[in-house]
Structures are given as C-alpha cells and as structure tokens.
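S.K.: Residue numbers (this note's numbering), protein chains in the order written: chain A, 283 to 511; chain B, 69 to 314.
Since the hints were derived computationally from the structure, they do not count as laboratory data. If you're wondering where the values come from, they're calculated on a predicted model, not measured in any experiment. Keep in mind that the hints are not guaranteed to be accurate.
Claimed, not checked - Result set (DSS-like, lysine-lysine): computed pairs, CA atoms no more than 30 Å apart in a straight line: (1) A:380 with B:74; (2) B:79 with B:111; (3) B:190 with A:378; (4) B:238 with A:390; (5) B:160 with B:70; (6) A:486 with B:312; (7) A:295 with B:173; (8) B:190 with B:173.
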Amino acid sequence: MSNQEFTFTSLTKKITMAIAGLFLIMFLLVHLGINLLILPITENHKEMFTAAAHFMGTNWIVKAFEVVLMAAILIHALLGVILQIQNWTARGQAYKVKSKSTTSFMSKYIIYTGVMIFLFLGLHFYHFYFIKLGLVQAPVVANIAFPQEEHFYELAVYIFTNQLLYSVLYIVAFISLGIHLNHAFQSAFQTLGLNHKKYTPTIKFIGKLYSIIIPLGYIIIPLYFMVMG
Amino acid sequence: MKITLKIWRQKNAKAKGKFVDYELNEVSTEMSFLEMLDALNEKLIISGGEPIAFEHDCREGICGCCSLYINGQPHGPEEKTTTCELHMRSFKDGSTITIEPFRAKAFPVMKDLIVDRNGFDKIMAAGGFVSIDAGSAQDSNSILIKKKNSDEAFNSATCIGCGACVAACKNASAMLFVSAKVSQFALLEQGKVEAKERVVAMVNKMDDLGFGNCTNTYACEAECPKGISVANIARMNREFLSAKLT
Numbered sequence: 283m284s285n286q287e288f289t290f291t292s293l294t295k296k297i298t299m300a301i302a303g304l305f306l307i308m309f310l311l312v313h314l315g316i317n318l319l320i321l322p323i324t325e326n327h328k329e330m331f332t333a334a335a336h337f338m339g340t341n342w343i344v345k346a347f348e349v350v351l352m353a354a355i356l357i358h359a360l361l362g363v364i365l366q367i368q369n370w371t372a373r374g375q376a377y378k379v380k381s382k383s384t385t386s387f388m389s390k391y392i393i394y395t396g397v398m399i400f401l402f403l404g405l406h407f408y409h410f411y412f413i414k415l416g417l418v419q420a421p422v423v424a425n426i427a428f429p430q431e432e433h434f435y436e437l438a439v440y441i442f443t444n445q446l447l448y449s450v451l452y453i454v455a456f457i458s459l460g461i462h463l464n465h466a467f468q469s470a471f472q473t474l475g476l477n478h479k480k481y482t483p484t485i486k487f488i489g490k491l492y493s494i495i496i497p498l499g500y501i502i503i504p505l506y507f508m509v510m511g
Numbered sequence: 069m070k071i072t073l074k075i076w077r078q079k080n081a082k083a084k085g086k087f088v089d090y091e092l093n094e095v096s097t098e099m100s101f102l103e104m105l106d107a108l109n110e111k112l113i114i115s116g117g118e119p120i121a122f123e124h125d126c127r128e129g130i131c132g133c134c135s136l137y138i139n140g141q142p143h144g145p146e147e148k149t150t151t152c153e154l155h156m157r158s159f160k161d162g163s164t165i166t167i168e169p170f171r172a173k174a175f176p177v178m179k180d181l182i183v184d185r186n187g188f189d190k191i192m193a194a195g196g197f198v199s200i201d202a203g204s205a206q207d208s209n210s211i212l213i214k215k216k217n218s219d220e221a222f223n224s225a226t227c228i229g230c231g232a233c234v235a236a237c238k239n240a241s242a243m244l245f246v247s248a249k250v251s252q253f254a255l256l257e258q259g260k261v262e263a264k265e266r267v268v269a270m271v272n273k274m275d276d277l278g279f280g281n282c283t284n285t286y287a288c289e290a291e292c293p294k295g296i297s298v299a300n301i302a303r304m305n306r307e308f309l310s311a312k313l314t
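So that you can see chain A by itself, here it is in the shape it has in the complex (with noise of 0.2 Å):
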C-alpha cells in the first residue's frame, strides 16, 4: 500500500462497486445454468436440478463464495445508494430545459432499475434461501413439506404455477435487471479502468448481448409454467 493515508473517496467506492458487480454478473451465469434444469429439457432433468441444488447447499467451497455474494450484494447495494445520493445533491439548482446530450437511455435508469432487484431479492430469499436457512416456514403442498434443497424443484414449480403475481414480478424484475445490466456491464469495465481501442467495442457488445440473454434465460421458467400449468 502506498503511505498516503487510506480515504473511501468517490473513486474507491466506484472501483469496490465495479468489482462487486462484476462477481455477481457471474453468478447469474451459473445460477442461470442451474435454473434452466427446472425446465425439461432432458429426461433426468429434475435429479440433475436436485443434485445441482444439494451441491451448491452443501459443498464447502460454494458455502464460502455464498458469503463472499452476499457481501457483494450489500456492499454494491449500499455504495450504489451512497453514490446516488450524492450525485443527485451535486447538481443543486436542477436547469429548466432537460437535457438533451447524447448519452446511454438505460444509464438513466440504473438507480430505479437496482432498487427493484434489490426489492425482489427480498422476496427471492423469502421464498427459497430463508426457507433453506430455516428462518421462514416452507409451504406445504400436496403433503410434501419442503425442508431442505432437495425440495426446491417442487417448491419453485408449486410457486411458478400457482403464484401469478410472484411469476409476474419475476418476469418484471428480470426485465429490470437487463435495463441494468445494459449499461452496468460496460460500465464496471471503464470503471476498472480497462478502456482500449481495440476492445471496449467487443465489451459493449458482449455486455448487450449479456443484458439480453441472461434475463430472458430467467424468464422463460415462470413463462413456461405459466403457460403449460
């Protein structure tokens, strides 16, 4: 470390969000890949989710990167609050004529859009990581409790299909987080510091083509169940 004393400035909050982001642009990766387990697209589909999911509750390693996630959600949350709040004191006197500089419509949007993931990883955890933590009573359908992570096939097709409105604030939060992740992807890279000529073109590519296809990969569970029954 250098031996200026350490201060939390703007910049240092800015990079910590960037990386924080960064982890959990990944994780919706593999939590994407196990989700789509839910669906059937292969005969053993539902041992495999089960299995997947009796994995990742129990395996030592994935119990300590589940901690490192959940800091990096509180901490991105939180400095994403912080920053906000002082981004929107800075200006002061707000002009008459909105502005009309040229910049990414979703970035406009990335406060709003965060708040409603971070609202609807409220009930996300309500539903199945508080039940697995044993903090909230599991539901009880056609008499199957749904204790552990065993259960967790039954419990998200018992919830897609008979709770409409859970489905459509799914379907609403994931949309959000693509306005997010369309122009949060790109930007954690900026935000690191990793701006090239050659590449950024292909990151901002890659960072729509992310924006589109991971949530519409989420979507398309409660879509399915919403529409088979």
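Got chain A; can you put chain B on it based on the hints?
M.R.: Positioned in the frame of chain A, the structure of chain B alone reads:
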C-alpha cells in the same frame, strides 16, 4: 431573424434568480452567439436596464471562459463548439432560446450567467503540476517518448477547463476534466515521477469540492467542445488504482 430569449437573471450569489424574456428582432445569422448577447446588452443599457452578465474572453474557443447552458446543452447545439464559436445560423428564425448558467453545487452562480469555476483551479492546485526539477531544455533524444503517448498527452491537454463536462453530466461530475489533467502528466516522463501523489490529491480535492460521481453515461464526452475522450477517465481510474495498490 427574430428570436425570443429566456435568460436566467440573478443579482448576486445570494439573490433568488428568475427567468426573464427578451425579444430581439434584427439578429443576423452571421452574428456569433455572444455578439447577439452584446446586442441585447446594448439595447438594455440604452433603455436604462441592467446588462446581462456573462463570461467571455478570447472568443476563439481556447480560453475556456465562455460557458452558458443553451436549450439544454452546454455551449449550445453544435458539436465540439464553444459558446463563443457558436453562430446564430444554428438557430431558426422565430425560435425561443433558453439560456441558463452551468448548474452544479460546486459552481455557484455569482451573477446572471456567471458561475464560480474556481473549483477547477483548486483541483489543479492540489496536484495538476510538475514540481520536480526538470532541468533546462533537453536534447531531443535524451527523453524518449512514444509518438502515441505524446499525441494522447497533447489531446488531453487540449481541455480548456470550461466546465461543460460538469454542466452536462447528470451527476455534475468533474471526472472528465480531472482525468484529462491527470492524463496529460501521466503520459509524459516528467509527469510520471509524481503521478501517484498527483492522482490521489486531485481526486480527493474533487470529492471535497462536492462534484458528483461518474456513472459512465458519457454525456461529458458528447458535450466537450474539445472532444476529450472518456478513455481519460479510464486512465485516471487505472492511475488511482495503481497509486492505492502500490
């Protein structure tokens, strides 16, 4: 051409300002934007009114004095053009032009359209200089600098410090300005010696002055009259990260 102007009038830093409407009937398309304001001021002075205070100096786009937020854009509608280089041919006959001062908490309004941009000078005073003894003029081959680096340093140094980046940014962030100044030194050998201390000091000062944080919307780059690239912000972030980690 005939135009209607809606201009922010504010007696002093403490007074509450308001928009005042003015009509100008004989505006030539050949007039510069500031000449049009000069014409309005002459009219106001003749009629015993208070002329509109606005900042200007070189009127050739190099001093960074002129500002003005014109119809929702710093320096008006033309790309890579300062207010003083803007001409009335960029506006339609009969149009209404709204002129506001650059808005940022760190740029308080002093009078009418003049804002206090001393914050930029304070950031420069915090580290935007080379204090090592660079000696007298060197032999051209004694300090080898890549052409790419000297070009980039020169491009960064073309920042005139007008504050359009702050005015355009939805967060009133000064990061494009600070990053351009950090870059112009960091890319050259004489500047590299104090690069770590410089970037930390300038970022700290920028934060202290209450500028907002960059959210990479790139409005600053779009509105910069000198075309300063956001690649400078990435370089500043790298320089900062390197200063903190080593």
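S.K.: Is the hinted pair residue 160 of chain B and residue 70 of chain B satisfied, with a Cα-Cα distance of at most 30 Å?
M.R.: 9 Å, holds
S.K.: Do the alpha carbons of residue 79 of chain B and residue 111 of chain B lie within 30 Å of each other, as the hint requires?
M.R.: Holds: residue 79 of chain B and residue 111 of chain B sit about 19 Å apart, inside 30 Å.
S.K.: Run the distance test for residue 190 of chain B versus residue 378 of chain A: straight-line Cα separation, threshold 30 Å.
M.R.: 29 Å, holds
S.K.: Sort out whether residue 312 of chain B lies within 30 Å of residue 486 of chain A, counting only the CA atoms.
M.R.: Given pair residue 486 of chain A, residue 312 of chain B holds - Cα atoms ~27 Å apart, limit 30 Å.
S.K.: Hint check: residue 295 of chain A vs residue 173 of chain B, CA-CA at most 30 Å. Holds or violated?
M.R.: 21 Å, holds
S.K.: Compare the distance between the alpha carbons of residue 190 of chain B and residue 173 of chain B with 30 Å, and conclude whether the hinted pair is satisfied.
M.R.: Judged against 30 Å, a Cα distance of about 15 Å means the pair holds.
S.K.: For the pair supplied as a hint, residue 380 of chain A and residue 74 of chain B, is the alpha-carbon distance within the 30 Å limit?
M.R.: Distance ~14 Å between residue 380 of chain A and residue 74 of chain B Cα, so the pair holds.
S.K.: Would the hint linking residue 238 of chain B and residue 390 of chain A be met if the CA-CA limit is 30 Å?
M.R.: 9 Å, holds
Of the numbered hints stated above, none is contradicted by the structure.
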